[in-house]
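Peer 1: Here's the letter readout for the chains.
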Amino acid sequence: MSEFLKFDTLSLHAGQTVDPVYGARAAPIYQTTSYVFPDTDTASSIFNLERGGHAYSRITNPTVGVLEQRIAALEGGSAAVCTASGMAATFCAITAILGQGDHIVASTQMYGGNISLMKNTLPRFGITTTFFDPTDIDACRNAIRDNTRLIYGELIGNPGLDILDLEAIANIGAEHHIPFMVDATFNTPYLCRCLDYGANMTIHSVTKWMGGHGNAIGGVVVDGGNFDWGASDKYPTITAPYAPFSGINLWEEFGPSAFATRIRAEAMRDIGPSMSPMNAFLLLQGIETLSLRMDRHMSNTAAMLEFLQNHEQVSWVNHPNLPGHRSHRLAQKYLPKGAGSIISFGVKGGRDAGKAFIENVELASHLANVGDAKTLVIHPATTTHSRIDAGALQAAGITEDMVRLSVGLEDIADIKADFETGFRAAARLAKG
Amino acid sequence: MYFDVKGKRVFATTGGKPFDNSKPVVIFLAGSGGDHTFWGLHARFFAFRKYSVLCPDAPGHTHSAGPALGSIEALADWLNEVVTALDIKDLSIVAHSQGCLVALEYASRFPHKLRSMSLITSGLATPVNDYLLKAANDNPAAAVDMMISWGFGPAGHLHQGPIPGNSMARVGYTTMWRNSPRALAADLHACNDYRNGKAAAAAVQCPVQVIIAGKDRMAPAKATATLVEHLPDPVVARISESGHMLPLEVPDQCRTLLKDFIFLHNPASQA
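Residue numbers (the working numbering), protein chains in the order written: chain W, 1 to 432; chain S, 1001 to 1271.
Take these hints with a grain of salt, some might be off.
Below are the DSS-like pairs computed for lysine-lysine, each with C-alpha atoms no more than 30 Å apart in a straight line [unchecked claim]:
| # | chain 1 | residue 1 | chain 2 | residue 2 |
| --- | --- | --- | --- | --- |
| 1 | W | Lys-431 | W | Lys-355 |
| 2 | S | Lys-1050 | S | Lys-1089 |
| 3 | S | Lys-1113 | S | Lys-1023 |
| 4 | W | Lys-337 | W | Lys-234 |
| 5 | W | Lys-6 | S | Lys-1134 |
| 6 | S | Lys-1017 | W | Lys-234 |
| 7 | S | Lys-1089 | S | Lys-1198 |
| 8 | S | Lys-1198 | S | Lys-1222 |
| 9 | W | Lys-6 | S | Lys-1215 |
| 10 | S | Lys-1198 | S | Lys-1050 |
| 11 | S | Lys-1259 | S | Lys-1089 |
| 12 | W | Lys-234 | S | Lys-1008 |
Think of the hints as simulated: they come from the structure by calculation, not from any bench.
Please build the complete structure, drawing on both the sequences and the hints.
Peer 2: This is the structure in structure tokens:
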């Protein structure tokens, strides 16, 4: 009986009101720092959070707002706040609710930047982290302390590709009244809406598959609106009076969007990691075709898995869609359309062979990014994860011979042909 | 804030200012399955303009002690107990949907207590179809889906809205969903069973404002026309592009209409 607009329709239309002056169909790029107020009462009411509206583009911007509301719609969240990068989103989301003396329980399998943030940077601000193996639910439960205020993980771990058991972790969070934040960059809401499985907020580097074209850096925090901040006194940044806004109690006044409002009112105002309107426009263009691109990413990934598994120069292949992967069952449960387009594999001959492979592919780009429309390859041990120690490398499942492949949208025959060139170079090295 | 009404705890937000019954008071009443969250962008505006504001959670809703009350008449009595407990004198009521039925019933029983009444997207009665009633009893998730799907107009379904980054449809959904599953069922039955709307409307003595949504599928034009017909000289406004959840969908237009009406009929000093 109920009828809601579907994912593909929301990807194209959500959050945008057609320009009332010129009728522009595409979301206009509001490249402006500030906005003329019609009168003083309107100005003061915007500043006092009595009404919506724009005052200064560090805090809100109409183009960025369309992107935020579109992502909130696609994720099933009550609100979203875009930031200059995915890392900015992570930092803003964590510091919106944690401070001196607080503690995080986080997965070991995360982007190296996330691990470094929690291991090196946040302790300087009095926030500590205990890491757990994402395949060991008891390890997560046992890591909870009295001062734990957040459980954090990536649904598809980077680069080991283990799948986080969302419902099991969400249940642990609920038992201890701790919110569960998921970095959903690798899955996008098209492959899995983590909020539907009990996560309370999601983070994205929208630079990756969401934008999908490798042309704009950006991040977003999505507020699921499904965490009862008022059920304890653990989260005073949400439930206690906030002095800069006349002592507002965000939980009472904004309810399901209180967390997002705190990020907007504090992080965007006091720290200012804003997304540019131009980047928001580029990212919106990407999101318009998200489902089409993700379907192609998944079909090319399936083809590459078959190709790599049967290639004599490949020593091992890792992807959750493979039956032998230790997260295969969870991948089938949470990611039925496909467990993302990242494949890790080993090149026979170890580190030097891997290096030869990467230096001899031509179509695939050797760079530090994932989720581009173009196929990308990298050697994590010497690049993205080079700043973490050997123990953390091992915990993250990274080996010296590992190549990380981000499968692009090119014709699959061309990707395979390019890889054959790389493998021939690796083979020559091994023989020579 | 929390306060007691006949020994039961009631929660209400006050728009970010302490409640002060020496000021003119605006009480905001939410519709079926709703709570204080529904009025955030309206309550704060009045609270910072010399009014005292109260957005109560009805019994059995969100933070207020239960059980949920099963009739509009019982809710009107409870509202009077709130007004009495807080010793409110200069009272305006702003109500949405089911809250309008409660406000009508209250106004007819206690006409001397009201300075003004604003009724948003309502008829004299709110018959609820059997399918929704059954879902509210047996499958609250499906009932919430129906309420949100029918309640929001096209802009809501497109997650548009004036609050940057916010999906008001999802805010509405989450508000209703976090409520007790029994609360929505009790509310819908109370609406469906209410029969006294015509007599209550005729007994209203205070100035009344009626705000109609042009794309309302839950209180359609015929129903709101009947309400307008039976009220004594109402001020009627229509926001053509909104659906039933008008205070969430078009808060700026709604706030402007409320401001003009309440400032006129229940003025605050230096408002």
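Peer 1: Please list, smallest to largest, the hint numbers that this structure does not respect.
Peer 2: 4, 10
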